[in-house]
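**Q** Let chain X serve as the given structure and place chains Y, Z, B, V, L, W and U on it in line with the hints.
Residue strings, one per chain:
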Amino acid sequence: MGAICLIIALYGAIRIVLERETLLKLPFVNVMNFGIAGLIVFILPHPLTLVAAAAYFVGSTLEANAIASAIARRGGK
Amino acid sequence: MIEYIIAAMFAGLLLHGIHRKVIARIQGRPGPPIWQEILHTLKFLGKESWIPKTASQGVYVAVVGISIAIWTAALMLLITQESLLLLFALYVLHKIVEHGIGLASGSPYAKFGAIRSVVSAASELPLLSSVALIYLITGSLMLRDIEAYQAINGPLLIVAFPAAVALYLVILSKIHYGPFSIVEAKEIVSGYWTEHFGVWRGLMNAAFGLKTFVLLYTFVVVFIGPIGLPLTLLAILILMITLSFVCAATPMLSPYDSVTVQTLTTGLIAIYIIYLGVFA
Amino acid sequence: MFDLNIEGAELFALPFGDIVPYFSVYSATLAAFVLIFILIAAFDRPERQLNIIFGGDAFYEKEIKEGDTRFSRFMAIACGFATLGAVLTGDIFNFTLFAVLVGITNIAIVASAGNHHVLNAAFQYGIVAMIATVPLFGAAAIILATTGTLSIWTLAGMGAVPLLAKAMLILGVMGEGIAPLYIGKAEIIRAQGAPFVLMIHFSSLLLFLRVTEIVLVI
Amino acid sequence: MIIRKLSGILSNFTNLSRVYAVMVIIVVIAGIASIPSLDYQGDRLYPKTIDRDSPLDPYDRGGIPFESTVVLAEYPENSPYLGYITAYLTPLSLALAAATPHMGTTIVAHPGGIIDEILYATRGLDTVVETTILFVGFAVAAHLFRRREDE
Amino acid sequence: MMESVITLSLAGLIFLGAVATALWKNPFDKLIGISILSAGVIPLIVTRGYLDVAIIISLVIPITTILVLLLLGREVR
Amino acid sequence: MSPLFIIGFGLIILGTVATAWPSPKDYITRLINLELPAFGILLVMLSFDETLALLTFIAVTSISTFLFVRVIEKREGTP
Amino acid sequence: MLEEFGRIVVATVIAWVLFLSLDIYWRLPRRGGVSGADAIGKAIAERGGDQHGGWMMGNIVCSPDASAGTLLAACGVFVAGIPGGIAAAILVYIGNRICHDKGYAGTSGALIATIVIAGFMQIGFFASDFIAGMVLAILTIQGISHTHASRLIGYFWRWRA
Amino acid sequence: MIDTFHIGMFAASLCIIIAFFSFMKETDDLHRLLLTDLASVMALFLIALVGTDLAEALILPGLVVTISKLMALTEIYLVKEGIQRNQPARTLDIEVLQSAPAILASILVLYGIFLSGFSGGAVAGLGVIFYIICKGHQERFELIETVSGYAWVAWIAAFFIILIFPSQWFLAVMIAGGAILIKVTAKLSLIGTMRGESDV
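Chains as they are written, first to last, in our numbering: chain X, 1 to 77; chain Y, 1 to 280; chain Z, 1 to 218; chain B, 1 to 151; chain V, 1 to 77; chain L, 1 to 79; chain W, 1 to 161; chain U, 1 to 200.
No lab work stands behind these hints: they were computed from the structure.
It is possible that some hints are incorrect.
Pulled a few chain V residues facing chain L out of the computed Cβ check, cut under 8 Å [unchecked claim]: (1) M2; (2) K25; (3) R48; (4) G49; (5) T64.
Please read all numbers here as calculations on a predicted model, not as lab measurements.
We put the beta carbon where it would ideally sit given N, CA and C, even for glycine.
Just chain X, with the same shape it has in the complex (with noise of 0.2 Å):
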């Protein structure tokens, strides 16, 4: 199972590097970081480790969106 995860975030990565348009990166770092949250939870089956998914996950999450935000706020593109 964790295979599956981190497999989808390594694919995840990959379709990061490959996309050209910034804005349009982002919704291949939330594959990512879905597939890393659900690793975590596999590699150490403990229940801190889901407090710990979950800051990864919301930590990313606001990663994310401050900087969509801040694309949006400068170029308005």
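**A** Frame of chain X, contents of chains Y, Z, B, V, L, W and U only:
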């Protein structure tokens, strides 16, 4: 104890007089009598003196005291045959005296002198490398051990020739009218001690006399070895005259050239030390 | 006490846990000088500068702001105590920290002048002092890794410290103690405060003296 | 002439940092050759013992609260109560340790533990200097910041 | 076995992110590269079992990103 | 020698090169590239299990990033 | 092995339906919640996708929505059973507050997913299936093709509205 | 024998050479400042290579040195260039800056207080900085400075307690942990207020 100090002071001042005389003779002038510096000092000591209003008073006075203290302590070290490293430390602290004297009064000339003394901090570096070399050869920095070593193995002058050259350069850079004495060049009146007059000037003259004597004495003790008092004094005199010859024959370098020459010397000696340390 | 023939006899030691500062003849002499200079910095008035207006007899005194003097006086005293620590400490890493403290107080003393050139000098010096932490801490780390200890007491006379570490230690102290050259070149003449500027020079010279001793001892 | 050229470089003080960088590079390049001959003995003092199953994972050094444990300090005779701080855990961190095995860092950073022992007790002077450095650094920034507000 | 495969893939993720960060020219792209990099780093921390560290780091990294984004906001006209 | 250490030092070297010669040579690029060696040293510390230092290091790196941001935005600003 | 594969496929379909219906129910495709989501939606529309679908994808990127709620609830149930799912809901709510979002979609997603997963665990499924399933489900929406996914969501959105 | 330490040393030497070479070529002052941060990473790398508990205890002072020097140097840079009154050319007004700070900062501050010591101070300080730069601030400079001054004194007192009355180690550790926490947090958080906003 005190008599040693007084004697050394007068000897140093006398050496200064000889120095001036030799230079004058080489340059074809009659020159002042050789006791001129002693008379100078005595005259200054009797003069009326005060502290300038704009000066930083504590530094102005304390630095004179410190300069006397440093060289007295250095003489004591030589007599009690303590650590050479401590002597080196006291010598380096002399830099502070120059700097402090220059800064204490608000005078720009004195400050220029002080700043030149700062930038020529490189002149201490040869001494550092020569101390390290001596330690490498003798395995000790106590003056008594160095004397013992020389009593067995002959003068260090031969074995540690680069160190001797370095110390010679250091003395040369501290002597008046020399190629490296940029801190008291004539374009900045008389350098860092322009503003010290009266008793202060007299005391400093005395301290500098002591300094000259101590430096030359150190050279003889460290590189030639224990040869008895009369011979030591003779060696000091010869050394002083060679220094005077150098001073008379060379022009004064421009400030940064002087720094560069001193740094290069240090670098060469450092390379020699590393060579000794790694391959020997 | 390690009885090496370098710096004279040991007078006494002051244990602070793993860090054992010691007074030998050498370091006690240096410490005495440091105390004198701390006293000078603490109680002396800075000099006042006279500016002559050329073409006339008039001159005026530059006025000194009380606040500026207070700051640089405080920093000079702090620098003095840092120097005292650097001279007395018996531990390599502690020595490097004291060296860094000397460096940063030097920056502070220089930077308390408002002049643009002087601030520029403070900045340039600060950059050198900052990159000097690489050789400083690097030397401490290499010494710790190769000999397993940082205490000068244990290291003394062992000869186990590699040449690389020694060279880096010297280089690091050079970087922290390079301040006098900067203040010399910058127009420090216009900056006030002989006792404080003196302290910069004094502290870096003492750092050199101390590092010479350390390099010879370890 | 080379001396004149060199002194030209030295006299410009923005070049000093460059000269310094060159010196560091030279020393490091010369030092690379000697690296293989260095032998690692760093674990003489305060070595790590890792016990993956302990709730204090990377920092488990043994001992029970208000008792001592073995700590390899440089001068154990100078710290009569060596090992007590290492062994101590606050009630809160004891509760955490009982609850989960994956919070070792938090537990040890809470008062008590080996790092506190080193930082506060055996090498306390380091921490004094360190906090003073922070204080001075901040004082410089605050002084300059405040001054520009006054003007 | 699984452990080493995971480490290897995460190493791939890390280097993908690092190289992308180094080579991309647009600052926003670079920040996305950093986020790929951190996606590789945090599971490695979890693999070691330091969950508290992982939580705090995954909260601090977005803060760093937002701090950098302060430089990339809308131009004042 | 753990794989973490190898990844870490590779990352440090890569990051150092990237920071030393950033591709568009402006402040922001360099500031972002500075994160790469920081992550590298994070992994090195992790490989030695120095977690407390790691935690502090990340927090301090973030704060120093803010210091740089403050300077850069002032520098590009208008009086 | 084949059975496991089948479970994952089923879990994927369930998770897909669950989060898509919840997101559309909470009107995520109506507009971009924050400016970033808005911009992503417009960028996708420029590529030839659907505007409303793009907005929803932007919203998923910019804030933990029902999909994130499902994933974290699955994680929570995987590590700690039903209480884990509820804890996940709380965490998702905090995450939503951080990301400037009302938090209806994420929280309700997490709660409903907890119930659904708990129910499916009674008939032989594992919570881990749902983690993998959710990751695959999000892959179909966000990770394959922006334009097609957005058109699909747009189709659903018009059907609801 | 070649082991981890040696490989690390080689890598560190290589990095130092690269970093210093680049530093040598650089002329712009701010770029040089950025490169000094890179250099400090090298120093930490060298210390971290030792890999014992002692190394870890040495990294923390190393970090303090870095951050305090940077603090002083950036301020000097601003004053020296005469740009300390500049308004930022860009503003960032994204929504998350309104919502994120309160929650993230409170998590970080609470966790930092729990950690105590220098690590806690750094974490909590980061939280406070983040809050202040996003939400604006009121200048309470004097008060915070005073508090941190007293905290410093308390730590010195703790140090002497450990040295002179080692039997009171428990009290001393508590004072020390708390005092350093307060001090570091206060100092670092004041950086956030020193941004010199347009609303002053």
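**Q** Now tell me, hint by hint, if it's right for this structure.
**A** These are the hints, each one checked on the structure:
Against a cut-off of 8 Å between C-beta atoms, the interface hint on M2(V) is violated, since the closest Cβ of chain L lies about 14 Å away. With its C-beta approaching chain L no nearer than about 5 Å, K25(V) sits inside the 8 Å limit, and its interface hint holds. With a least beta-carbon distance of about 6 Å to chain L, the hint placing R48(V) at the interface is held under the 8 Å criterion. A least Cβ separation of about 10 Å between G49(V) and chain L goes past the 8 Å threshold, and the interface hint is therefore violated.
The beta carbon of T64(V) is positioned within 8 Å of a beta carbon in chain L (closest approach about 5 Å), and the interface hint is therefore held.
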